[in-house]
Structure formats: structure tokens, C-alpha cells
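**Q** Read off the chains here:
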Amino acid sequence: MLDYDIVVVGAGPAGSAAALKAASEGKKVLVIERGPEPGSKNVSGAMIRKDYVTSVFGEDMPFERNVETIKLSLYNGNKPVNIEFHPRGLVTTGRLKFDKWLSSVSEKAGAMVIPKTTALKLNWENGVAKSLTTDRGEVSAKSFVLAEGVNSLVSMESGIKGDWTPENSVQAVKMVYSIKKSDLNTLFDLPDDNTGMSWRMITSDPLIAGFMYTYKDSLAVGIGSPIKELIDRKIRPEKLLDDFLAMTGIAEKVKGYSLREYSAKIIPEGGFPDINVAKGNVYLCGDAIGLVDPLTFDGITPAIASGTLAGEAAVYNYDKEIYRYNLMKNPEISKIAKERKLETDFMTGNKAGEYINMVSSMLEGWASGDLMGIRNTMVSNYRNLIPDLMTFVMRMR
Amino acid sequence: MRTEEKLYTLRYKKDDKSHLAIKDVNTCLECTAKYGEPQPCVSICPANVFSWQNNRIVIGYENCVECGASRIACPYENIDWNYPRFGKGIALRYA
Ligand SMILES: Cc1cc2nc3c(=O)[nH]c(=O)nc-3n(C[C@H](O)[C@H](O)[C@H](O)COP(=O)(O)OP(=O)(O)OC[C@H]3O[C@@H](n4cnc5c(N)ncnc54)[C@H](O)[C@@H]3O)c2cc1C
Ligand code: SF4
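As you go down the protein sequences, you meet chains A and B in turn. Just so we're aligned, residue 493 is where the first sequence starts under the numbering used here, counting upward by one. Just so we're aligned, residue 29 is where the second sequence starts under the numbering used here, counting upward by one.
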């Protein structure tokens with residue numbers, strides 16, 4: 493049987509961060525990836541924080557365009573309320589190129605990456621995992637990192653965590669259209685091939701978090717919507733995306749351009765801190781413990797942050813409480829943990845709807861000169877809604 | 029655009045063995061009586077993998093985009109949901 497110090501399941505951002513950390517500490521590390529190459533099974537927007545990624549993985553990160561403008565639209569019916577920001581340090585990227593690069597950095601640090609191999613289960617002895625069974629054989633190690641993403645079958649099989657439920661997960665579907673650079677620049681008023689814009693939308697009924705990101709020579713669009721709501725209302729996700737594209741006017745813009753790729757993936761909405769993060773010498777990180785914000789879709793930063801900590805925990809064989817503590821005190825991770833309540837309200841209550849109605853009635857009041865109306869809206873909603881709305885808008889940046 | 033046309037954009041290597049299975053066909057009858065058609069798995073799947081034919085769920089696993097939703101949507105945990113073996117299934121390029 494092959495024998496390693498540390499075996500990592502999954503070569504996504506969390507797994508590659510764990511492998512990089514453990515290999516940099518001189519450990520013999522093996523990464524098992526089920527896809528034909530890292531990234532080939534993964535779906536994101538993706539808009540990411542370049543400086544953060546670079547601080548862990550070094551320079552030369554592949555990306556599509558710098559995001560100079562983010563437009564946020566809150567839809568109440570077909571009329572959106574728009575907010576625009578000019579963020580710093582955000583770029584768009586596709587997962588195949590991005591994940592391949594992350595994985596290559598871990599390889600340079602000494603990790604061994606084996607693709608086309610699916611991890612099936614851990615073999616335990618007295619609460620300690622001894623080896624991992626894959627569809628190509630078995631491998632033993634002193635400790636393991638499960639960075640398997642949202643569909644974390646090995647973690648579930650080991651009884652470390654349960655599955656997501658329709659109440660705490662989101663179905664996301666995405667389409668990428670081929671649009672040549674110059675056309676894209678004209679369509680979205682972009683000054684050059686390196687400058688991009690992002691558009692994030694929220695609709696209240698049904699609750700949809702949508703995105704549109706400019707890549708170099710293509711346009712990525714997608715939506716996420718709570719699974720419970722989709723099933724209860726028997727809404728088909730791909731139909732919802734088509735309707736959404738029509739409503740936002742994107743369908744009109746992409747007319748005549750060809751669809752390059754269609755994809756889908758669920759997004760966890762619950763999870764850390766209300767979840768087990770380790771068992772014995774096995775540490776979970778990233779989407780496997782729900783470290784993603786389903787409204788802003790920021791999951792890559794916390795995946796990398798938690799992956800690095802899981803790699804460290806695996807090197808020193810930390811007790812699970814110490815690993816949990818380290819996760820909790822990391823700012824990228826604690827942010828998500830703290831905002832869980834707001835997220836739950838958004839998903840299960842109809843807060844999103846309340847925000848949108850509040851903002852649009854305020855602006856309508858203003859436009860019609862009804863300043864008393866604005867005041868009433870402000871006063872009646874201020875206590876609970878405005879602070880949450882501000883938090884939400886800040887997160888979107 | 030039809031879902032099938034969207035799926036044509038995907039690179040795919042077929043595993044001969046289905047990575048998805050219904051655990052107990054009788055449970056699907058119970059589910060249909062309770063939830064009606066389309067059943068939760070049929071309606072949540074973005075790849076038309078499930079269809080209701082002659083009182084049972086038929087699985088076209090080769091369309092699966094491996095999103096994970098059907099496993100969670102099934103109210104009876106009646107879907108045996110695995111990954112395709114040996115790196116088979118979808119291979120995304122731009123996601
Ligand atoms: C539509 C959509 C848009 C998003 N947009 C953004 C965005 O703009 N910005 C952002 O930061 N985040 C975004 N996210 C979230 C982000 O994609 C995730 O949070 C992030 O990918 C989590 O990283 P991870 O490493 O934990 O998991 P993953 O990226 O899912 O990686 C898990 C890896 O493990 C492999 N694997 C799984 N099981 C096994 C097994 N049994 N054996 C072998 N290998 C296995 C998988 O193939 C995969 O490579 C988006 C998500 C979706 C669905
Ligand atoms: S994983 Fe996704 S694509 Fe595959 S059968 Fe389930 S819902 Fe359909």
C-alpha cells in the first residue's frame with residue numbers, strides 16, 4: 493500500500509491550500525482529485541480577491557479581467573434599484589485555469605497530485621483513520637484532509653457530518669457565452685480587454701441571487717435559488733435562469749452569441765460553526781463545512797483560509813477543538829460564521845423581499861416628493877432592516 | 029434553448045456503470061402520491077436526468093452534471109448518489 497504523511501481529498505482551493513501548507517512544512521503529501529484535471533468538476537462565478545489568493549499562492553495567478561465596477565440591482569418586480577461600487581483587487585476567473593494553477597503551486601512545494609481518482613471511504617481503527625480507499629486502490633497516511641467541496645461524500649460516509657437539506661442549500665446554474673473581446677467591450681462599455689464589470693442581482697419572488705461576470709472573451713451568467721423554494725414551487729432551475737436572463741435584459745445582449753458551456757452546482761448555506769470540523773486525525777475544510785456565502789458567492793477566500801488551517805492541523809495532528817478555535821479566529825472564516833443569522837433570515841424569512849420593497853418605496857417617495865413617506869419608511873424599518881441592509885451591501889463589495 | 033441543447037456544450041466521458049440509482053422503487057410511488065408530478069428530483073434536476081415513466085423513475089445518468097441537488101431534494105433519501113468512477117462524467121472547461 494502507498495504510504496504518505498498526509499492525504500488530501502480534493503484539488504479545489506481548499507485542498508490545494510492544505511497541500512501547499514503541509515508540503516511546505518516538509519511533509520510527504522498526496523492529493524486525490526476525481527476530475528480528469530483539477531478544476532474540471534468545479535463551478536464558480538467567479539469573482540475573487542486576487543490579493544488574498546496571491547498572499548497564499550504567490551504571483552502569476554491566471555485571471556480573466558479586473559473588476560472595476562460592480563453593479564448591484566435589487567429587483568422588485570421588473571424595476572430594479574441599482575447601487576454601483578468601484579471595488580479594489582477583484583478579478584474574474586474560470587475554475588479550470590485557476591484550480592490547475594493552485595494545484596501546480598502545491599506540486600512545486602512537493603505535493604503529489606493524482607487526478608481521475610475518486611476517494612470512496614476512510615478506514616478507521618479506534619477512532620483513528622488509517623487509510624483511504626479509492627476507486628484505484630488504497631493509500632495509508634498519518635492524517636487526512638477532506639476538502640471535497642459541497643458534495644462531501646467521504647465526510648458523510650465517515651459520519652463526521654450529515655448532508656445538507658433543501659432548507660440550507662441553494663441550487664446554482666450557470667451559462668458562459670462566447671463573445672469576442674471587442675464586442676464585449678462595446679456591449680458593457682469597457683475601455684479595454686483587461687477591464688471588466690460585474691453585475692449582481694437579487695430578486696425577492698422567487699428569491700434569486702444572480703450574477704453576470706465579464707471574462708476575457710466570454711460572459712458568465714448564473715443564478716442561485718434555495719432548493720426548498722424550487723421544489724415547493726416546482727420551479728426548474730434552468731428555466732428560472734432563462735426567465736431571469738430575459739427579465740434582466742441579458743438575454744437581449746447575448747442574442748446571436750453561442751453558448752459555450754452550461755453547468756450547475758449546489759451551494760451550502762448552513763454549516764460552520766454549527767458543524768463538526770474534524771474527527772481524530774481527519775480535518776474538513778472549505779465548502780465541505782459550508783464556508784461560503786450564498787448571497788455574495790464568496791467561497792474561494794474562506795476555502796483557502798480554512799484549507800491552510802486544515803493543512804497545519806494535519807501536520808501537527810491538532811485536537812479538533814484547537815482546529816475549530818483556529819478556524820473561528822481567522823477573520824475570513826469568522827465573518828461567515830457571524831453572518832449566518834442574517835443569511836438564514838434571507839433564505840427562510842423574506843428579508844430580501846423586505847429590503848427590496850423598503851429601498852424601492854423610499855426612492856419612489858423621494859422621486860414623488862413624498863418626503864414624509866420616506867421618513868415613515870425609514871422610521872418603521874430602521875431598527876432591524878437598515879443595519880442588515882448595510883451589512884449586506886458591504887459584503888457585496 | 030432546450031435543456032438537451034445546453035447539455036451538448038459539455039465534454040463528457042461516459043462511465044459504463046450508472047453512478048446514480050433509486051434505492052427502492054416503492055418509495056417513489058409513495059413520493060408521487062404525496063408530492064405529485066413533477067417529483068422533487070425531476071423538478072430540481074437541471075439536466076433532465078430523471079423522468080417518470082410507467083410509474084417509476086427512469087434515470088438517464090449520462091446527462092448528469094454532478095451538481096448534487098437531486099440527492100438533497102429527494103424527501104426520502106431514496107437516491108443512491110455517487111461520483112462517476114475514474115475521472116469520468118463531465119469535464120468542465122469554463123465554469
Ligand atoms: C454558481 C457558483 C458561483 C460561485 N461564485 C463564486 C465567486 O464568484 N467567488 C467565490 O469566491 N466563490 C464562488 N462560489 C463558491 C466557490 O465555488 C466555493 O465556495 C469553492 O469552490 C469551495 O472550494 P472547495 O475547495 O472547498 O471545494 P471545491 O472547489 O468544490 O473543490 C472540491 C474538489 O474535490 C474534488 N472531490 C470531491 N469529492 C472527491 C472525492 N470523493 N474524491 C476525489 N476528489 C473529490 C472535486 O472534484 C473538487 O475538485 C460559487 C459557487 C457556485 C456554485
Ligand atoms: S446531480 Fe444534479 S444533474 Fe445529476 S441527477 Fe442530481 S440534480 Fe440532476
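Each hint should be verified, as a subset may be incorrect.
[As the list claims (entries may be wrong)] Partner residues are not named here, just some residues of chain A that face chain B (Cβ under 10 angstroms, in silico):
{"no.": "1", "residue": "M553"}
{"no.": "2", "residue": "V573"}
{"no.": "3", "residue": "V597"}
{"no.": "4", "residue": "V631"}
{"no.": "5", "residue": "S632"}
{"no.": "6", "residue": "K634"}
{"no.": "7", "residue": "K653"}
{"no.": "8", "residue": "R725"}
{"no.": "9", "residue": "K726"}
{"no.": "10", "residue": "I727"}
{"no.": "11", "residue": "Y754"}
{"no.": "12", "residue": "M820"}
Source of the hints: derived by calculation from the structure; they are not laboratory data. Bear in mind that the values here come from a model prediction, so they are computed numbers and not experimental data. Think of the CB as a built atom: it goes at the ideal place given N, C-alpha and C, for glycine as much as any other residue.
**Q** Are the hints correct? Go through all of them and say.
**A** Consistency of the hints with the structure:
no., hint, result
1, M553, "17 angstroms, violated"
2, V573, "29 angstroms, violated"
3, V597, "21 angstroms, violated"
4, V631, "16 angstroms, violated"
5, S632, "21 angstroms, violated"
6, K634, "26 angstroms, violated"
7, K653, "13 angstroms, violated"
8, R725, "9 angstroms, holds"
9, K726, "5 angstroms, holds"
10, I727, "7 angstroms, holds"
11, Y754, "4 angstroms, holds"
12, M820, "27 angstroms, violated"
Hints 1, 2, 3, 4, 5, 6, 7 and 12 from the list above are not met by this structure, while the remaining hints are.
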